[in-house]
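Peer 1: The residues making up each chain are set out below.
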Amino acid sequence: MASAAQPTEREVLKPPPTSVGVVGWVRANLFNGFFNSLLTLATIFLLYKTVPPLIRWAFIDSVWHTGGQGCRQATGACWAVVTENLRFIIFGFYPYDQQWRPLTAMLLLFLLLFISRDRRYWKKSLLYTWVIGLTAMGILMRGGILGLQPVESTQWGGLPLTLLLSIFGLTAAYPLGVLLALGRQSQMKGIKTLCVVYIELIRGVPLISLLFMSSIIFPLFLPEGVTINKILRAQVAIILFTAAYIAEVVRGGLQGMPRGQYEAAEALGLNYYLTMRLVILPQALKIVIPPTVSILISAFKDTSLVVIIALYDVLKTTQSVLSNPKWMGFSPEAYIFVAILYFLGCFSMSNYSRKLEKELSTEEY
Amino acid sequence: MGDQSAAKKPAVPAAPSDEVMIEIIDMHKWFGEFHVLQGINLTVKKKERIVICGPSGSGKSTLIRCINRLEEHQRGKIIVDGIELTNNIRNIEQIRAEVGMVFQHFNLFPHLTILENLTLGPIWVRKTPKRKAEEMAMYYLEKVHIAEQAKKYPGQLSGGQQQRVAIARSLCMEPKVMLFDEPTSALDPEMIKEVLDVMIELAQEGMTMIVVTHEMGFAKSVAHRVLFMDYGRIVEENTPEMFFENPRHERTKLFLSQILH
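In order, the protein sequence lines correspond to chains A and B.
So for the first sequence, our numbering puts the first residue at 1; every next one is plus one.
So for the second sequence, our numbering puts the first residue at 1; every next one is plus one.
There could be a bad hint or two in this list.
To be verified - Derived list of chain A stretches under chain B, where covered just means 3 residues or more per stretch with a C-beta under 8 Å from a C-beta of chain B:
hint : segment
1    : 256–267
2    : 281–295
3    : 320–326
Said to hold, decoys possible - Derived coverage of chain B by chain A (criterion: at least 3 residues anywhere in the stretch with Cβ under 8 Å from a Cβ of chain A; other residues may be distant):
hint : segment
4    : 19–30
5    : 84–97
6    : 109–115
As the list claims (entries may be wrong) - Below are the DSS-like pairs computed for lysine-lysine, each with C-alpha atoms no more than 25 Å apart in a straight line:
hint : chain 1 : residue 1 : chain 2 : residue 2
7    : B       : 132       : B       : 152
8    : A       : 123       : A       : 326
9    : A       : 358       : B       : 151
10   : B       : 47        : A       : 124
11   : B       : 152       : A       : 355
12   : B       : 151       : A       : 286
13   : A       : 124       : B       : 176
14   : A       : 358       : B       : 152
Keep in mind the hints are simulated off the structure, nothing from the lab.
Beta carbons are placed, not taken as given, at the ideal position from N, Cα and C, and that holds for glycine.
The shape of chain A in the complex, shown without the other chains (with noise of 0.2 Å):
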């Protein structure tokens, strides 16, 4: 009988004015016990200690636009490190005169990127226009037709080179792990096989060995007077590396996908192919975004071990600029503004896959 009348008694109920406001959440999550009250002092000391001077430091004490004497001279951060070699950071050994180029090119994969976000756009039209844009691209940093003046590879350099390693890198490998991944769940022997053992032999080597492998030993098996571009090789490198995490990666989401779901896709006369990509892959590559993308980002910062096969990326770059007495010393200021591109990179990568899983997303009402 009580209960009948319990709702609408519920209804009139406010909250106890502890559990509201400013000072309810600061009591329900910073200081709700001893042990998590202790922390939450030390952690506003310990920022107390460190937040001021970083500001002081790199902003209000810092100097932009001086020589490296001016630098010597400064209390705060030396971001003319930056600014000064921003052209060599960014475009490396690339001929100065013609870095309008590699800039033109990096402008147009930015707006095919933008382009590409909008899910409304993916269509054959939108392939076509990569195709143009990446012929174009091709065109503006090589040069040798249309009256540009050719640039060779070794000269190509800096965020250009890491932009190029990691958007090929990463679009060639995806789609070879798709079919690896397809490969190892094959009911042909054969095809299992090699997939298994080429997935398990690319894994268990470090991407050095194999980039290493590509710029040195690889070269030894060519026939006199052959050579392949040593970009090329790095190129191959990585997405052969890439596509055997990515294809790990989707036989687990082909694992998790229900058996009803191929039979009633098989029900219905569709055959291996047409299941696959109308019915499987389309659920299974929605369920394994979070991973890949973990995957893609890292591969993108992996880009950056191809210094040691003497490519000129954007960190081999800032780094001889650091090797210059007259920058020496000045090394925080450099790494940290490659670590903002690197952020950039990554964490657009992330947002945007947050954004395609809500988008994919057909659970809500």
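Using the hints provided, position chain B relative to the given structure of chain A.
Peer 2: Here is chain B on its own, set in the frame of chain A:
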């Protein structure tokens, strides 16, 4: 529920024709060492409606799953609409397109809208133009009384609605036979009737149906024949009247007493 459906009996006409739709001859199947189906012989005529019942593990689901090769039989013959089921993949795909299947757990494609679920088969297997496939899908959705849900996703529908969509999805392939594998067992009690009603309407239109179910009311009002399976064999087979009023085998009697209370 049984009595209610039984009252509809005169509404279901259409005697089976003489043409053979499915023929199963001495069919055996093993799961590893386990002999699930032990020599099944069954002939299904066009427009015939068969209900298969039996205790769980008796092989009834496996039997109908063999008919569209979701399970592979190891001995004997299965001939569907004149085509024998062999390892020939072309034959299998052809038969699957002609045989519709409704599952216990619906198995709708959760990443596609209801409409896309229905048009997938027609567009990709039958090569129907998209516009026409959508018209057909809407026609069958009307038929299962759910047209207003076409733009939703399966996860947004109730179990009964999902199962009706699954039936419509099969119908869009314009199959010659419909197989139902315990279509109401996963449903909440209040949703069973809406699915059975759709199946009864389908029966009235003369669809050839093989239904694995424990809905005895449905069996009484719709089936031409009821088969009772146990331990991988067809133990008893009769018209619904005779089957329920005068079961011959002890095992059938026991089973009926258990499910009819």
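Peer 1: Hints first: check each against the structure and report whether it holds.
Peer 2: Verification of the hints:
Given a C-beta distance limit of less than 8 Å, the hint that chain B covers the segment 256–267 of chain A holds, as 8 residues qualify and 3 suffice. A stretch counts as covered by a chain when three or more of its residues have a beta carbon under 8 Å from one of that chain; for the segment 281–295 of chain A and chain B the count is 3, and the coverage holds. Here's how the segment 320–326 of chain A fares: 0 of its residues keep a CB closer than 8 Å to some CB of chain B, so the rule of at least three is not met and the hint is violated. Against chain A, the segment 19–30 of chain B contributes 0 residues with a C-beta closer than 8 Å to a partner C-beta. That does not satisfy the three-residue criterion, and the hint is violated.
Here's how the segment 84–97 of chain B fares: 5 of its residues keep a CB closer than 8 Å to some CB of chain A, so the rule of at least three is met and the hint holds. Chain A is given as covering the segment 109–115 of chain B, and this holds because 3 residues of the stretch bring a CB closer than 8 Å to a CB of that chain, at least three being needed. A threshold of 25 Å between alpha carbons decides the hint, and for residue 132/B with residue 152/B the separation of about 20 Å falls inside it, so the pair holds. Distance restraint check for residue 123/A and residue 326/A: the Cα-Cα separation of roughly 52 Å exceeds the 25 Å cut-off, and the hinted pair is therefore not satisfied.
Annotation: proposed proximity of residue 358/A to residue 151/B holds, straight-line Cα distance about 18 Å (limit 25 Å). Taken as a hint, the residue 47/B and residue 124/A pair is broken in the structure, with Cα atoms around 46 Å apart against an allowance of 25 Å. Of the pairs offered as hints, the one joining residue 152/B and residue 355/A holds, with about 21 Å between alpha carbons and a cut-off of 25 Å not exceeded. Taken as a hint, the residue 151/B and residue 286/A pair is honoured in the structure, with Cα atoms around 21 Å apart against an allowance of 25 Å.
Distance check on the hinted pair: residue 124/A and residue 176/B sit about 37 Å apart at the alpha-carbon level, beyond 25 Å; violated. Taking the CA atoms of residue 358/A and residue 152/B, the gap is about 17 Å. The hint holds against a cut of 25 Å.
Checked against the numbered hints given earlier, this structure breaks hints 3, 4, 8, 10 and 13; the rest are met.
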